[in-house]
Every structure is written in C-alpha cells, then in structure tokens.
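In case you want the letters, here they are:
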Amino acid sequence: MSGPSSYEPKTAIERWLDVRLPIVRFGVDLMDFPTPKNLNYWWTFGGILAFCLIEQIVTGIILGMHYNASGDGAFNSVQAIMREVNYGWLIRYIHANGASMFFVAVYIHMFRGVYYGSYKAPRELLWLIGCAIYLTMMATAFMGYVLPWGQMSFWGAKVITNLFGALPVIGPSLTTWLWGGFTVDAPTLNRFYSLHYLLPFVIAGLVGLHIWALHVPGNSNPTGVNVKDKSDTVPFHPYYTVKDGFAVSVFVIMFALFVFFMPEALGHVDNNIPANPLVTPAHIVPEWYFLPYYAILRAVPDKLTGVLLMGAAIACIFALPWLDTSRVRSMRYRPQAKLYFFIFVFDCLLLGLCGAHEPDEPFIRGVSGFMLGDSNINSYVWVSRVAAFYYFAYFVLITPILGLRETPLPAPESISSPVLSHPAAAHSGAVAAPEKKG
Amino acid sequence: MLRKLLALAGLFALAGAPAALAETTQAPLRDVSWSFNGLGMYDQEQLQRGLKVYTEVCSQCHSLNLVAFHDLGDPGGPLYDPKYAANPNDNPRVKAFATSWSRQVPDIDADTGDPIHRPATTADVPTPPFPNEAAARASNGGALPPDMSLLAAAREGGPAYIYSLITSYAPTPASIKSPPPGKYYNPIFPGDLSSMASDPDHVPVGGFIGMPPPLGDKDCKVTFDDGTPCTKDQEAKDIAAFLNWASDPHMEQRKQLGFSVLIYLSVFTLLLYASYRQIWRNVAH
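In order, the protein sequences belong to chains A and B.
Read in order, the letters of the first sequence correspond to residues 1271 to 1708 in the numbering used here.
Read in order, the letters of the second sequence correspond to residues 546 to 830 in the numbering used here.
Please keep in mind that the hints were generated in silico from the structure rather than gathered at the bench.
Fair warning: there could be bad hints in the mix.
Ranges between beta-carbon positions, derived for each pair [to be verified]:
no. : chain 1 : residue 1 : chain 2 : residue 2 : range
1   : B       : T570      : A       : A1626     : 13 to 23 Å
2   : B       : L807      : A       : I1283     : 42 to 52 Å
3   : B       : T570      : A       : G1643     : 23 to 33 Å
4   : B       : T570      : A       : D1572     : 26 to 36 Å
5   : A       : P1442     : B       : E601      : 52 to 62 Å
6   : B       : T644      : A       : V1549     : 34 to 44 Å
7   : B       : G687      : A       : P1457     : 55 to 65 Å
8   : A       : R1461     : B       : G687      : 29 to 39 Å
9   : B       : T644      : A       : V1328     : 38 to 48 Å
10  : B       : A641      : A       : P1457     : 55 to 65 Å
Computed list of chain B residues with no C-beta within reach of chain A, every gap over 12 Å [to be verified]:
no. : residue
11  : W646
12  : S647
13  : P651
14  : G658
15  : P674
16  : A719
Please read all numbers here as calculations on a predicted model, not as lab measurements.
Even glycine gets a Cβ: it sits at the ideal position worked out from N, Cα and C.
Model the full structure from these sequences, guided by the hints.
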C-alpha cells in the first residue's frame, strides 16, 4: 500500500499483470510489510477483529437466506432457523454470540490504543477511521438485535429511536422518519434489516481504509519509539500471521465455549417472547456492550442532556488525539497516566454495571444511605453520576493536564535496545516465554 | 425528586412501572437437578412422560405452535428412534402420535374449497386449543395461556421456574384484602402485591396468576407408560424437562458437536503455538 516495494515479477504473466493491475505486487507487499518485532499479544486483536468481521458477514448472509423481515414472520422465521434449518441453530448462535465477541475484541483493541498512545501523530486519521468503524458497529449491532423481533428487540428499538426525539425542533420528525410510521412497527423492522445488511460492508470498506492508514506510518509498538532501521522489524508474514493466527485460535476457543455450552448467557429471556407493543417488559436493558452509555444516559434526569452526554461520551473518543498533550506515546513510560488509565478501565466497567441495574436500586444492599438531591446516595444513579464524571474528566481534564505536568520515565533509544538488554534475551538465542514480554 | 426519575423513565418509553414504585417479587425457585444440566443430556423417558403430561393436561389450554410432530422424532427428542434417524417422518410412533392428536387440522378441501377438518400429519404442529387469541382469552377469564414452545427459554430460571410455579400454589395470604376474582395466588409468579396487602411493611411475595393449579387436587393426573409412579412432583418435573426440550431441541447435538470442536481447536491451537515458537526462535523480541 505504501513504502518501497521489494517485489520482482518473475514469470511472464506476472510481468504482464504488474504493469496493468499490480495485484500480485499488492499482495506480496502486504505480506512483506515491515512490522515492529516487539508487538505483544494486545496487538493481535486487529487480526481477531478481521476474523470477527468475516465470520459475522458469512454467518449473516446464510441467516439472511432463511430470515423473513416482516412483522408477522420475523420471530417465527428465526425459530424455523433454530429448529428446522440444518445446523441453523449453530449459524445463529455463532452470529448472535459473534456480535458480543466482536465487541469484546474491539474494546480491548481500543483500550490498547489508548494505553500505548497509538492515536498520536502521525496516526490520528487511523484512530478516527477506527472510531468510525466502532460507531458503525454500534449501529449494526443495534439493528441486528431488533431483527429477531422479540420483546427486547422491539422495546430496545423503541427506547433507542426515542432518544432522537429528544433533539429540539427536528426530534419528532426525525423519529417518524426513522420509524417509517408513527411508532416502531413492521416498516421499522424492514428498514433495519436493509441497513443491517448494508452496514457490515460499509465497515469492511472502512477497515480497508483503516489498514491503508496503518500501512502509511506503519504499526506503533509497545515502546512507542519509532522504527529506526530494518533490525527493528520483521516481515508481517510469517511472523505475525502465525502469532495472530495463534491468538485468533485461542479467541475462537473462548467463542466456542459460549456458542456450544452457554449460547443464551449473553442474551435476555424476554427476547424469546414475540414482540408485543401492548406489553412492556419489566426491565428494558440493552445488550451488555451498550450498558456504559446507557448508564451515562440515565445519570441525568433530563432526556436531552442525557442524549447529549451520551453523544459527548463517544465524541470524546474521537477527539482523543487532540486532547492528549503528552509527547510520550506509550504509557509504559508514564507512571501517573498508567494509574489514571487503569482507573478509567475500571470506571467503564462500573458504568456497565450501573447500566445493567435500575437507577433506584441500592448499590450496596442493606445500607440505607441518605437522600442527596433527587436520589439516595446509595443508589445506582449516584454511582453512575460519579462514574460518568470520571469518564469525562479522564478525557477533558486528566489527559490534557497530565500531559503537560507529568515527568515521564526515559524511553529507550530504539525498539531493539530494551529487547537486547532484557534478561531473557541475554542467556541464549532462544526466546524463553516470549508471551511475557513485548 | 422521585417524580423526576419517573418522568425520565416515562420519557424513555419505559412505560412499565419503574422499580421504585412497583418492585415485582417472587419466592426463590425450588431446588431441582436436571439430567441436562451442565454437560448432561436429556433423559428420553422423562421427555416421553413430559410429552404425555403436555398432551393430557397442558394442551387443553396451551398451544405448541413451533414444534411439528416430526420434531418429536429428531435426535434427542422424546420419540427419537435411531432406525428412523434419516427421516423422523417415517417413525411409526411419530406418525401414530400425529394422527391420534385430539384436535383435527382445519384445512380447505382441495376439490370443493369447503372448510374441512383432517387428521394431522407428521408435518403439522399440534392443532392449538383455541382458534385465536380472543377465543383463548374468552375461555380463560381474560388471561391468555402462552404458547409453550419457547416457555422454558422465555422465563428467568427456565425449567426450574416452570417446575416451581406449578408445584407452589398456596392459599391466598390472610393479609391480602380483596384478591382478584378468578385468579390464583402463587408465590413463584412474579408480581407486586403492595397495593393489595393490608400491611405495607409485610407484602407477600409473588402474584396472582390466571392459571388454576394445572395438576389439580388429586395426586396424579396421568398414567405414565414406563411404570414410573405418578406424583404431582414427578409430573411437574417431567413437563418442565419436556418444555426445556421444546425450547432447545438441538441441545444434545450442540453439546456433542461442542466437544469435537473444542478438541479440534485445542490441537490446532497447540500446533499454531509450536509454529509460532519455531518461526520466532531466532528473533529477540
């Protein structure tokens, strides 16, 4: 995609092709791409995500052959897939759990990017494209969850589309336009199916751009130090194809445990009841990967503010390259930043926990607490307020200020220098326990 | 304050009453162990007993619209026979069960176009007890008996919930002033009795359900073909197991395939790890 090409066409057909459509050159350069040799296992999630996308598209296309996107037929067609289609249960459970696996991988991939400063110049655009992929993934996953047309599908769609109604002036007409009617109904289902089929290919296009933007500056690495010369890198193939392949395989084992032995663990029982606009489920909860945003949304008692905060929570991720003032890329050499980062990871998990509970539920059972403002201090709504405050503070206060004030540790001269001085590298040429390093 | 939160919930179209106002309660589910727990498989005799309970008791009010007769003869199903593994439609027990279904299938005479009723074939689903929802409600005091095909998957606790519910009917607690007419108190049925209780600090758990105790007053409603002594508890366990099968008919195939997949993946992963060590052996990293 960029950089000098080492490819020499050897056969006549390759030479003929190379001046017309250099597709062999493209493939060879992709495989030979010089990649820092110190990438650790956190870097394998890019490959894992590529696997997830392909797996979701393949299973999704097969499901689409049997699915009937109509208000009357959707629920039963999904059940026909589960019961009558040969291995339909397998395809559907892979697809349904695959969405969760996709988000597990993308969150780890994003946290890795934050920890190692992968978004810093010259990789801002790479980061932005990644954020666009994440946003498209969220839209795709949300619309996919609506398709089985169970109770949680229907009411989830209702809650989320209603959020747009909070926008001033355009809100009501926007929701009507989204619904294709005056409430969530069969037309909504049809258009969601159409978009759910479209968006994964948009994601695939964005992934192409993401990889292109990656191949211009090349990979970052755990030290954050730029590649100096050839001794710092290895060709992508076979070094990283085999390492990523191993990581994908471990990931698939975890995936298979869900698909075969607890396929409904990440779902909700109410979605096994057909959609019914007249009966509201007792607790409407989104899928686990949306719970932190759901907690931020419900943290404030005003709908528009909640919606804006939720949008701002995502906007902060986009803006990160310009919020971070530190010149040191990797947090390995930023002890204070590291501490705030781990609190941030914990904070995101805490927000997720808050999103799964009713706002009024006591956070610590058996403790009565006292009223503070509109709610009891010992309630999930107050915990989500504190957690949401830290979430935003991390982006708009801690990250900009810390970068200017902290004293970072000295970073190594080159990628190779910390490797060569590493105790494991000292005793022999063979590498002992490479997975512990990086 | 609280009203603000309620308004918020309402705005989000959480039309169901929020937790602070209406906390649904239910008694803890009864402890029961199933053959299909964890890595286990279905007990075919239990499924057959459960099928009999469904046929003779539940099917009077509850449909089973997603389970065709031939599904009963699939691997793991109550009427499975390895001789007819390729095509359960040929299984004589499945055929006999379909044709003997108490309600015939409403159909159209192909020659005259007249509405007729014909015996069920293995491709049909059991003809439901009521022709439509309105008829079902009219016959059940306004309540709608849910379709049972996915009941075990659609309730928190699954088969344990079904077993507990039908064995836990109790007399209406004394603190309930005016119990709803034609409904039955059940501590397992999720409900909110705070508005009915005389003492707001001692609200009984559970709720009122439209279904009368389905297994009746006597010890037993059905006679099991395999000679298992019939008790109410046995019937409850067996129907819960059968309904779990109806919700998850390919569970046995899923778990069996899961084992093979995990063995394959483990070997594959080890090979990849060995290749990784081999390829990287001369690179300090």
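Do the hints match the structure? See the list:
Distance hint for T570(B) and A1626(A): a CB-CB separation of about 19 Å, consistent with the stated range 13 to 23 Å. Distance hint for L807(B) and I1283(A): a CB-CB separation of about 44 Å, consistent with the stated range 42 to 52 Å. Between T570(B) and G1643(A) the beta carbon distance is about 28 Å. The supplied range of 23 to 33 Å therefore holds. Judged by the Cβ atoms, the range 26 to 36 Å given for T570(B) and D1572(A) holds: they are separated by roughly 31 Å.
Roughly 54 Å separates the CB atoms of P1442(A) and E601(B), a value that falls within the hinted 52 to 62 Å. Remark: the range hint 34 to 44 Å for T644(B) to V1549(A) is upheld by a beta-carbon distance near 37 Å. Range check, G687(B) to P1457(A): about 31 Å between beta-carbon atoms, so the 55 to 65 Å window is missed. In this structure, R1461(A) and G687(B) meet the distance hint of 29 to 39 Å, their C-beta atoms being roughly 36 Å apart.
Under the hint 38 to 48 Å, the C-beta atoms of T644(B) and V1328(A), about 42 Å apart, fit the expected range. At roughly 46 Å, the beta-carbon separation of A641(B) and P1457(A) lies outside the given 55 to 65 Å, and the hint is violated. Non-interface status of W646(B) relative to chain A is upheld: no Cβ of that chain comes within 12 Å, the nearest being about 19 Å off. No beta-carbon of chain A is positioned within 12 Å of the beta-carbon of S647(B); the least distance is around 23 Å.
Non-interface call for P651(B) relative to chain A: holds, since the shortest CB-CB distance, roughly 18 Å, exceeds 12 Å. Against chain A, the non-interface label of G658(B) holds: every CB pair exceeds 12 Å, the least being about 24 Å. The claim that P674(B) lies off the interface holds: its Cβ sits roughly 18 Å from the closest Cβ of chain A, which is beyond the 12 Å cut-off. No Cβ of chain A comes within 12 Å of the Cβ of A719(B); the nearest lies about 27 Å off, and the non-interface call holds.
In this structure, the earlier hints numbered 7, 10 are contradicted, and the remaining ones agree with it.
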